[in-house]
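Colleague: Chain residues, written in single-letter form:
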Amino acid sequence: QKEVEQNSGPLSVPEGAIASLNCTYSDRVSQSFFWYRQYSGKSPELIMSIYSNGDKEDGRFTAQLNKASQYVSLLIRDSQPSDSATYLCAVTPTNQAGTALIFGKGTTLSVSS
Amino acid sequence: DAGVIQSPRHEVTEMGQEVTLRCKPISGHDYLFWYRQTMMRGLELLIYFNNNVPIDDSGMPEDRFSAKMPNASFSTLKIQPSEPRDSAVYFCASSFGTGFQETQYFGPGTRLLVL
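Residue numbers (the working numbering), protein chains in the order written: chain V, 199 to 311; chain D, 31 to 145.
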């Protein structure tokens, strides 16, 4: 069974620090990788996507992908209290168009001021 | 665009009753997904449609669950009869599937409590 694994946390970091969130996946043919942020009581919203090995930066967020190790991570620089949320890693299990995402259970991040 | 619209936002019902959840995807999107989220199991895919046709319903827990998409702008998820273990948040999401890199946009969810 295809799986996406994340540490549930909570991950606690002080304001201004770097938060590092990790995700591993079981299916080697996975092609697309996404990080969603979900505030308590709200719906998931996409913050980053990555498709190729290496780093992808968007503002304070950096996604890192290593397909050989089946590992994807999200770094949040200069963490703010507003970053406190649950971060969901999601993976498409194949390279087929429109394939549904498989989600990890999420890592809860708490940023203290 | 108004985004994905779901109704009702909250539903409280008694065991054995029929529950119908509704979703309007973003206009122009050709994929629609139904997910269920609980603390124990996280976010699980129930079923998804492409151009109103069900593609994969392997996540539907049992025959008590059914989903339809009669047209490109409307989908329903029905539970009959409902049970307390069905209590969860149900999300609808849509995407424009031009390739495997499409983004899924989620609705606000329906919080279902079955007593």
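Hints in this document: simulated from the structure, not taken from any laboratory. Among the clues, some could well be false.
[Stated by the list, open to error] No farther apart than 16 Å at their CA atoms in a straight line, the calculated lysine to aspartate or glutamate pairs in the EDC-like style are these: (1) LYS98/D x ASP87/D; (2) LYS200/V x GLU74/D; (3) LYS303/V x GLU213/V; (4) LYS303/V x GLU74/D; (5) LYS265/V x ASP276/V; (6) LYS254/V x ASP225/V.
Colleague: Checking each numbered hint in turn, tell me which of them this model violates, lowest number first.
Modeller: 3, 5, 6
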